[in-house]
Structure formats: structure tokens, C-alpha cells
Amino acid sequence: MPNLLSKMNRINPPMTRGQRRSWLAIFLQDRRRLRQQALVPPPVPNAPVLLTGTYQWNRTSPGYADVMLTWSFDPGSFPVAFIEFWAGINSSSSQQLGTVASNITNLSYPNATAYPIYVRVKMRYRNGSVIGPFSNELLINIQAPS
Numbered sequence: 000m001p002n003l004l005s006k007m008n009r010i011n012p013p014m015t016r017g018q019r020r021s022w023l024a025i026f027l028q029d030r031r032r033l034r035q036q037a038l039v040p041p042p043v044p045n046a047p048v049l050l051t052g053t054y055q056w057n058r059t060s061p062g063y064a065d066v067m068l069t070w071s072f073d074p075g076s077f078p079v080a081f082i083e084f085w086a087g088i089n090s091s092s093s094q095q096l097g098t099v100a101s102n103i104t105n106l107s108y109p110n111a112t113a114y115p116i117y118v119r120v121k122m123r124y125r126n127g128s129v130i131g132p133f134s135n136e137l138l139i140n141i142q143a144p145s
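Per numbering that gives the first Met the number 0, residue 0 is the first one in the sequence shown, and the count goes up by one each step.
Certain hints may be false.
[Said to hold, decoys possible] Now the in silico label distances, taken between C-beta atoms and shown as ranges: (1) ILE103 / ASN140: 18 to 28 Å; (2) ASN102 / ASP29: 37 to 47 Å; (3) PRO42 / ILE88: 30 to 40 Å; (4) ALA113 / VAL43: 32 to 42 Å; (5) ASN11 / VAL43: 49 to 59 Å; (6) VAL39 / THR15: 32 to 42 Å.
These are calculated hints, taken from the structure and not from any lab test. Glycine included, each C-beta is placed from N, C-alpha and C at the ideal position.
Could you build all of it, start to finish, from the sequences and the hints given here?
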């Protein structure tokens, strides 16, 4: 019976020490590149920047204050989506109040309050599962009408 192992070794001889080192170096380099690609975080949209927050009593309804906000937002390469508005009253935690299109840069919130309060406002970009960082927080001190 012929020795099949000796025939295989003649057709496909084992790697030399230098060949093994080269193969291992290439294998490890490919593995490092794949791991590095996996570590690159997905792009994150810019945060909006709240510029001004004002209020005006009796503008929409008697006895109520309306809140007006202006901001800037550079979407970069992200499409037009939504800006979420969050607000907290006095010392309470922030809650989402609503959304507007991300290409709008001002908002009027009618009948915001009938009482003097502190309102903390912040916002962020949202497009499906892509959520941007929160903007700066703006404090609006709504004082009693004089």
C-alpha cells in the first residue's frame, strides 16, 4: 500500500519558518484592521445652540405668558429631520414638549404659563434611531407682569 502522506507532502510541502512568519504577520494585520474598523464610532450630529429665550405676557391669551425661543443648528451631512424640545419647570426634571423640523430656527410656545416660574429649555436632533447630543440649557425666568 502506498504512503499517501509522503505523496501529499511532495505535492504541498509544509511551510518553511519564513513562510509561516509571513503568513502570521499578514493574518494578524488583517485582524487588526478589522478590529479597528469595528471601533470607529458612527457619526453624531451636531448639537443645536440655544441663542435666546424670551417671554411676553398677554400676547396670545389674557393672563398667560408666551415663550419664544431662537437657536442655530448645523446639520452637517445629516438630513432634515426633527428637533426635540425638552423643558423643566422650576426644579423638576425635563420632559419632552414637542418637535419641529430641524431646518426651523425659532419657536413660539403660546400660553406657556399663567404663573411666574423658571423654565429650563434644551433640545436635540433626532432622525429615527439617530439621536444627537443635547444643546446648551437655557434658563428663562418668567416674572409676574408689572
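Structure-based check of each hint:
1. Taken as a hint, the range 18 to 28 Å holds for the pair ILE103 and ASN140, whose Cβ atoms sit roughly 25 Å apart.
2. Between ASN102 and ASP29 the beta carbon distance is about 43 Å. The supplied range of 37 to 47 Å therefore holds.
3. Hint check: PRO42 to ILE88, Cβ distance near 34 Å, so the stated range 30 to 40 Å holds.
4. Distance hint check: the CB atoms of ALA113 and VAL43 are about 39 Å apart, consistent with the given range 32 to 42 Å.
5. Distance hint check for ASN11 and VAL43: the Cβ-Cβ separation is about 51 Å, which falls inside the suggested range of 49 to 59 Å.
6. One distance hint, 32 to 42 Å for the beta-carbon pair VAL39 and THR15, holds here, with the actual separation near 37 Å.
Checked against the numbered hints given earlier, the structure satisfies every one of them.
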